[in-house]
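*Asks:* One line per chain: the protein sequences are A and B, in this order.
Just so you know, we're using this note's numbering here: the first sequence kicks off at 1 and counts up by one.
Just so you know, we're using this note's numbering here: the second sequence kicks off at 1001 and counts up by one.
Treat the hints loosely; a few may be bogus.
Unchecked claim - Straight-line distance between alpha carbons at most 16 Å, and here's what the computed EDC-like set of lysine to aspartate or glutamate pairs gives:
1. A/384 <-> A/365
2. A/217 <-> A/294
3. A/54 <-> B/1100
4. A/266 <-> B/1147
5. A/459 <-> A/469
6. A/173 <-> A/294
7. A/145 <-> A/310
8. A/436 <-> A/108
9. A/54 <-> B/1102
Claimed, not checked - Non-contacting residues of chain B with respect to chain A, defined by C-beta distances greater than 10 Å in every case (computed):
10. 1068
11. 1075
12. 1077
13. 1078
14. 1096
15. 1122
16. 1125
17. 1127
Claimed, not checked - Incomplete in silico selection of chain B near chain A, CB under 10 Å:
18. 1066
19. 1100
20. 1102
21. 1103
22. 1107
23. 1111
24. 1112
25. 1140
26. 1143
27. 1145
28. 1146
29. 1163
30. 1169
Derived by calculation from the structure, the hints in this document are not laboratory data.
We put the beta carbon where it would ideally sit given N, CA and C, even for glycine.
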Amino acid sequence: MLTNVLKQITTKCSVSKLYCVASFGFSTLGNTQPHVCIVGSGPAGFGVAQTLLKNHEQVQVDMFEKIPVPFGLIRYGVSPDHQDVKNAINGYSQTATSERFSFFGNVDIGQDVSLPELLSAYHAVVLCYGAQEEATFNISGKNLKNVFSSKQFVGWYNGNPEFQNLDVNLSGKSAAIIGVGNVALDCARMLLKPTEQLQETDITSSALKTLQKSNIKSVYLVGRRGPMQMACTRKELSEVAGLECVNTFVEENCFSKSVETALKSKDLARRKQRRLVAYLQKVSKQVKDDTSEDTKKLYLKLLRSPVALESKNDDLIANVKLIKREMQGEDAFNPTFTDTNVVENLPCDIVVSCIGYQNAVISDDIPFVDGKIMNKNGKVDDRKDLFTCGWCSHGAKGVLADSSNDSLVTGASVLSNLDQLASDKNCNGSNDIVPKILQRGLQITSWKDWKTIDSFEIKRGQKLGKVREKVVSCDEMLQIANEGKSNEANTSEK
Amino acid sequence: MLSMANFGKSIVSCLSSLESTHLQALKLATRGLRYNYFKLHCPKLKNRIVTSPMRRFQTAPLLHNDKITINIVDRNRKTHTVQANVDDTILDVVIDNQLDFESYGVCEGTVACSTCHVIFNQEVYDTLEEPLMDEMDMLDLACGLTETSRLGCQVHITKEMEGMTVKLPEEITDARDL
Chain A
1 MLTNVLKQIT TKCSVSKLYC VASFGFSTLG NTQPHVCIVG SGPAGFGVAQ
51 TLLKNHEQVQ VDMFEKIPVP FGLIRYGVSP DHQDVKNAIN GYSQTATSER
101 FSFFGNVDIG QDVSLPELLS AYHAVVLCYG AQEEATFNIS GKNLKNVFSS
151 KQFVGWYNGN PEFQNLDVNL SGKSAAIIGV GNVALDCARM LLKPTEQLQE
201 TDITSSALKT LQKSNIKSVY LVGRRGPMQM ACTRKELSEV AGLECVNTFV
251 EENCFSKSVE TALKSKDLAR RKQRRLVAYL QKVSKQVKDD TSEDTKKLYL
301 KLLRSPVALE SKNDDLIANV KLIKREMQGE DAFNPTFTDT NVVENLPCDI
351 VVSCIGYQNA VISDDIPFVD GKIMNKNGKV DDRKDLFTCG WCSHGAKGVL
401 ADSSNDSLVT GASVLSNLDQ LASDKNCNGS NDIVPKILQR GLQITSWKDW
451 KTIDSFEIKR GQKLGKVREK VVSCDEMLQI ANEGKSNEAN TSEK
Chain B
1001 MLSMANFGKS IVSCLSSLES THLQALKLAT RGLRYNYFKL HCPKLKNRIV
1051 TSPMRRFQTA PLLHNDKITI NIVDRNRKTH TVQANVDDTI LDVVIDNQLD
1101 FESYGVCEGT VACSTCHVIF NQEVYDTLEE PLMDEMDMLD LACGLTETSR
1151 LGCQVHITKE MEGMTVKLPE EITDARDL
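Let the sequences and hints guide you as you build the complete structure.
*Replies:* Rendered as structure tokens:
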């Protein structure tokens, strides 16, 4: 016991702390190194880790992730043809090599370990677990066959283990996508893009095969509101509308007088929207080439609200019933919308609803209001040791830059409280919590295990001419990790 | 047969006679070779260089271009006065000078984020070439966007920028209505 204590002092305490500790005697000895736990390994989590490690010389950062592999939405949300966004993992991987960073994968906080248990083992816990739930679509027919949520559909082509058994049927001609955000456009693009352009990406081989056999020729994007309320970006829209094989159709009447006026505004905060709608207008006026058989169509149906999903037979989706809406008011950025009683039918063979995400409640202790964790600059209200960052704190909106910037704010909040928290309590972080997790019969994946799985995926991808071929089952991930460990043990024995 | 010294001299004189655009193209084309050179010979830079097929920015070039001095004000309002190679991007300058700004240049210069966002003064901003569509798209999403904002990975240093000051945006949390 004494040897351990001595080891702790000499390896972890600076000289000045050594002096303080020695003068109080061993009975008050605790680990003065701050231990911080980050829940979630996506951009928000890694952003906070980077800030903490850079600005505090002693902090130990432990990152917990629900599935065996890291990176969250960078791996499972960002689409396969957006490899440039995935460059972010290079910086995160660099962070992970720090001696004061540890990764614990395959641990579900809320299920395998409770939040109170984490809070007692760590000086501070930072929640960065994103938005796990989807906004629900409460209309009849949502359980029909070939109706998917974006989480399911995107998870399917991105190799999320939860959605590999999805029966995605692309034998029909039309797809209806409910929503006009970037996720909706990602889904549209996956359905319309020539599959040759996806062959080298990290899309799963099985999703690629299904897309190669697809008969989908028309994709309809359905939005409830007007052009100025479209949640997507000009870039995303142009990636689909700009495809050579795609003709885009937009109704002229959605460019009302109020929209024309809004397009002339000089307000910088509205620039994104103005550029998007100006592009949309340009695309709507382009001459369409209908002659080629390979030409596919993208239809933008704004000011329409879906009210029912209908089937003809076999419980397979066949039609989306829409109600047309009207936009009123002079300010196209803040109009009023009213439903008319004009019904429109949209025959289709597959529906993907991309209407946003919501936060999951992983613990009753966390103050949730309107699906957001109540916090100030990342510090959870009425809590001294609980912090939050990214989509789980302020809602499921924003791109990489938003999470990165958010992590700077939360990181700063943690840092300004950390030394006080570390002196208030003695705790040992992973030394306290990991034995409990292992006692429950769970297998934890380390960063090294991730690198083993990573190499496996890249190697397998190389054989197929792809950036990587993802492992799509958690069991297989754990198996590969174990094989890696035993290979290493065998090599070191020799 | 040329001696090594003469060979080296003729390469240098050949390269220095190239126009900056051609030099830029040559730099981009030899990026991979130069990365590996620096990985071996510059231990300080070792940790910053991660090989990735998608990287577009570059570390300090093998051959020295003209250097100027510029000022970069970080998020804590601290001014860093640094040397910058003409033709390098602002992101290159931040990395080469090991300024180590957090969450800066996350996508590594591939115009897939807006974390390398910098703000120029009006005078310098007006001399810059118009941003391309890609950059405009990403700038749209930048936090603290101003009329003189640009992405650091897309703006190249020129001699005329001697002594200029660029700022990282102060605003971190975004007030935009998405």
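*Asks:* Work down the list of hints and note, for each, if the structure agrees.
*Replies:* Evaluation of the provided hints:
1. A/384 <-> A/365: holds (13 Å)
2. A/217 <-> A/294: The hint holds at about 8 Å.
3. A/54 <-> B/1100: holds (9 Å)
4. A/266 <-> B/1147: Distance of about 10 Å is within 16 Å: holds.
5. A/459 <-> A/469: OK: residue 459 of chain A and residue 469 of chain A at ~8 Å, within 16 Å.
6. A/173 <-> A/294: Judged against 16 Å, a Cα distance of about 13 Å means the pair holds.
7. A/145 <-> A/310: holds (10 Å)
8. A/436 <-> A/108: holds (13 Å)
9. A/54 <-> B/1102: It holds: about 8 Å lies between the C-alpha atoms, which stays within 16 Å.
10. 1068: holds (28 Å)
11. 1075: About 7 Å separates residue 1075 of chain B from the closest Cβ of chain A, which leaves it inside 10 Å; violated.
12. 1077: holds (14 Å)
13. 1078: Residue 1078 of chain B is indeed farther than 10 Å from all Cβ atoms of chain A, at 14 Å.
14. 1096: Label holds. Min Cβ-Cβ 17 Å, cutoff 10 Å.
15. 1122: The claim holds: residue 1122 of chain B sits with its nearest Cβ about 14 Å from chain A, beyond 10 Å.
16. 1125: holds (14 Å)
17. 1127: holds (21 Å)
18. 1066: Violated. Min distance 30 Å.
19. 1100: holds (7 Å)
20. 1102: holds (5 Å)
21. 1103: holds (4 Å)
22. 1107: Where the cut-off is 10 Å and the nearest Cβ of chain A is about 5 Å from residue 1107 of chain B, the hint holds.
23. 1111: holds (7 Å)
24. 1112: holds (4 Å)
25. 1140: holds (4 Å)
26. 1143: Holds - the Cβ of residue 1143 of chain B comes within 10 Å of chain A, reaching about 5 Å at its closest.
27. 1145: holds (6 Å)
28. 1146: Hint on residue 1146 of chain B: holds, closest Cβ of chain A at ~7 Å, below 10 Å.
29. 1163: Hint on residue 1163 of chain B: violated, closest Cβ of chain A at ~27 Å, above 10 Å.
30. 1169: holds (9 Å)
Checked against the numbered hints listed earlier, the structure breaks hints 11, 18, 29; every other hint is satisfied.
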